[in-house]
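First to last, the sequence lines map onto chains A and B. According to full-length UniProt numbering, the stretch in the first sequence is residues 1 to 438, in order. According to full-length UniProt numbering, the stretch in the second sequence is residues 1 to 338, in order.
Since the hints were made in silico from the structure, they are not lab data. Predicted, not measured: the structure shown is a model, and the values here were computed from it. Any given hint might turn out to be false.
As the list claims (entries may be wrong) - Keeping only pairs whose Cα atoms sit at most 20 Å apart, straight-line, the calculated EDC-like set for lysine to aspartate or glutamate is:
1) B:Lys277 <-> A:Asp245
2) B:Lys277 <-> B:Glu257
3) A:Lys282 <-> B:Glu263
4) B:Lys261 <-> A:Asp263
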Amino acid sequence: MKKVFALTMAFLLLVPSVSMAQTNSGPTAKTPAADLRATLSQLLSNHFVYQTISMTKTYDGAKDVEAVNEALERNANDLKKAIESIYGKEGAEQFEKIFDSQYENTPGLAEAVKNGNKEAAEQAKQQLTQEFPKELGNFLSEATGGNLPADTAEKVLRAHEQDVQDVFNAYVDGDYKKAYQTFRTGFDRMFDISKALSGAIVTQNKEQFNHTMVDTKAADLRSSLNQLASEHFALATLEMQKGFDQAEDYDFVTWAEDQQTADFKSAIQSIYGEEAADQFEKVWQKDHIAAQSQVVAATLQDNKEEREQAEERLQDFSQEFGMFLSQATDGELPEDRAKETVWMHEEDVLMTFDHYVNEDYASTYKSFDKGFAYMYNVGETLSEAIVKQMPDTYKMMPSEMPDTGLGTSEQTGSTWIWVTFLSLALLSGGVLATRKRA
Amino acid sequence: MGMKWKTYFGIVGIAFLLLLGYENNVFANLLNQGEQMKQGEEVEQVASLEESTYLNEEEDQMNDPLAQEFTVLNQTENMNSSNVNTDDPEERKDEGIVPTHLSIPAIDVDTQIEKVGILDNGQMGVPDSTKTVGWFEPSTKPGNTGNSVIAGHVDSYKGPAVFFYLKDLEKGDEVTVTDKDGEKRTYIVKALESYPYDNSPIEEIFGTTDKKRLNLITCTGTFDQETNNHLERLVVYTELKETEQQTKEKQVEKELEAPQKVEVNGTFVTWHAVRDKDVIGYRVYRSADGETFEKVASVSSFERKNYTDPDASEYTYYVTAVDENGNESEPSKKATAN
Chain A
1 MKKVFALTMA FLLLVPSVSM AQTNSGPTAK TPAADLRATL SQLLSNHFVY
51 QTISMTKTYD GAKDVEAVNE ALERNANDLK KAIESIYGKE GAEQFEKIFD
101 SQYENTPGLA EAVKNGNKEA AEQAKQQLTQ EFPKELGNFL SEATGGNLPA
151 DTAEKVLRAH EQDVQDVFNA YVDGDYKKAY QTFRTGFDRM FDISKALSGA
201 IVTQNKEQFN HTMVDTKAAD LRSSLNQLAS EHFALATLEM QKGFDQAEDY
251 DFVTWAEDQQ TADFKSAIQS IYGEEAADQF EKVWQKDHIA AQSQVVAATL
301 QDNKEEREQA EERLQDFSQE FGMFLSQATD GELPEDRAKE TVWMHEEDVL
351 MTFDHYVNED YASTYKSFDK GFAYMYNVGE TLSEAIVKQM PDTYKMMPSE
401 MPDTGLGTSE QTGSTWIWVT FLSLALLSGG VLATRKRA
Chain B
1 MGMKWKTYFG IVGIAFLLLL GYENNVFANL LNQGEQMKQG EEVEQVASLE
51 ESTYLNEEED QMNDPLAQEF TVLNQTENMN SSNVNTDDPE ERKDEGIVPT
101 HLSIPAIDVD TQIEKVGILD NGQMGVPDST KTVGWFEPST KPGNTGNSVI
151 AGHVDSYKGP AVFFYLKDLE KGDEVTVTDK DGEKRTYIVK ALESYPYDNS
201 PIEEIFGTTD KKRLNLITCT GTFDQETNNH LERLVVYTEL KETEQQTKEK
251 QVEKELEAPQ KVEVNGTFVT WHAVRDKDVI GYRVYRSADG ETFEKVASVS
301 SFERKNYTDP DASEYTYYVT AVDENGNESE PSKKATAN
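With the hints as constraints, model all of the structure from the sequences given.
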């Protein structure tokens, strides 16, 4: 009898806290699985950006190419660390070996094309599109215990390397529209890769990720916003560099930026409807995209007054856009915090540009790292606010569970289980107490 | 006063007017539409037309409205060396040739060139022969940068001389000089000017210029029997013909393309740049009713190709490209918000 009582008491103490936590939280974009997905997205998409600009800048013989290659290496190190946190030192080292060949071959290929060394170019191409995807595909498949099938991994990695080369080839051909169209496709693909990879890792290590999933609606929203925000940062900084250099592809970066704005707008539309989307577009363009370009124009003309004016516009934007976000999320994202968040981004953009203008390229790409990563905070903060604002929309419905049944429904289902359990526990406890007295 | 007097004054008056008209060549002008005007007059007309566009180029740049409308960045500021516009290095090194032969197909001139210098009285020398022309040896060698000068007689006691028809040259005609090895330099007629013999812009004709010019001089105007001198001098300004590549670029410039893909999205009017290095900017026009357009913005070519208008959704837009010579393209397709 005593034993049963003790057990029940333990449950009584334990259950409410778990149960309460569940009922209060509802759907969330901040889960360990979604965190992993976001981390991999950030590292991989940044990797893609550095790969493409490393190649094009190598080809151009640009002054900042060394700094870009250093940044590419830094990014590879960060990826290694992420692998290490999951698979330990040995796994990380294995990964590094495979990965090293890739970030060396990428600028190597550009160098070979530039110098007209066909043999070396062919060899690097072979490495990048054949051997590397195979090796890394095998590694990932093994590491994830087959959760990411080797041929799937290989295929997607090959497609990625092809994206990078397509961007480069179009750039060399002067077909800049195609170059930046492919850039956008390739950037997008990195998010498919991170989703598949993080999914496989989470499935393999359910405990470690607290049985959360990478592909909940909330996690998808977070990933979409991460992608939109970080792509914007990449294109904005690139646009400003190209504008400052008056590079031939400048107008095509701005073109890509406008396409990106359209994508962002339709994302807002799918969440908040047409009117909000129109409003978003206006705010986004007027004192933001246009003002960032004004910064460049001011610098080119060495016009301090115009620069100040442009910065004021960016300040206005952070105010306006912060207000927009706060209102859109019904205050889930507090206005002050929203404004501050937006302004931090503008500061990153300005700093990255100013370092570039001052020819401090090492700092340029450190700022880029920081500013790019920061967009993932923006995505996280914003998605969480939206999910909290519309919990019903981002609740995972059991009917939408995949057939493979990789996990259990994490929120709704378990809440009911716990509530039922708590009731039963209370009831049985009551019964026990009654019996004892009796 | 009777009828007779009226008739008399009428006839005398008409006769007077006719005579006056004859004296002033009114009829010749009316009949021939100016085709066969007196030498000096025609040239003067051409000259006055050309003057502002040709010779005063530098002054023009000072008050160039284009320069106020669009900012053209200094080429040397470009970071990307591949974008820097370099002239043909061969041409740049051209030191010129010593001309021995002149040919102007348009007026059937095909003659030897002699060298002439400065006479004791300070005048530029001329060849003794009326069939050859004289290249002013101290001037620039044809092909090199600067003013090269060739003079020839317009007539002699016997009649027309080598440069008699020089006045008939038209803008665009070709003038070719050849050296003893057969190496050629071809020039294009840019302008005809006539000046009083004692008040010609010597600096303009002989002085320094960053152009590659060949100036042909002869006499024109009324012949003054007293001084044995024509009262004016005709100067035909020509410029070195551009290489084929440059000509090609010029042709592109003439067919200045209108911007493509003009779109209105939100507050942005965007378009694709015209890929022509002579384009210095764009003009954005908008209309509330779709018919009458007004210019609302000028965007320099180095800037982002967009115009921000908070009320963009309420207007129709088109965009034109403008080149460094002020040529404006046809309007682009009109665009409105979707």
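Hints, verified against the model:
| no. | hint | result |
| --- | --- | --- |
| 1 | B:Lys277 <-> A:Asp245 | holds, 15 Å |
| 2 | B:Lys277 <-> B:Glu257 | holds, 12 Å |
| 3 | A:Lys282 <-> B:Glu263 | holds, 15 Å |
| 4 | B:Lys261 <-> A:Asp263 | holds, 18 Å |
Hint compliance for this structure: no hint is broken.
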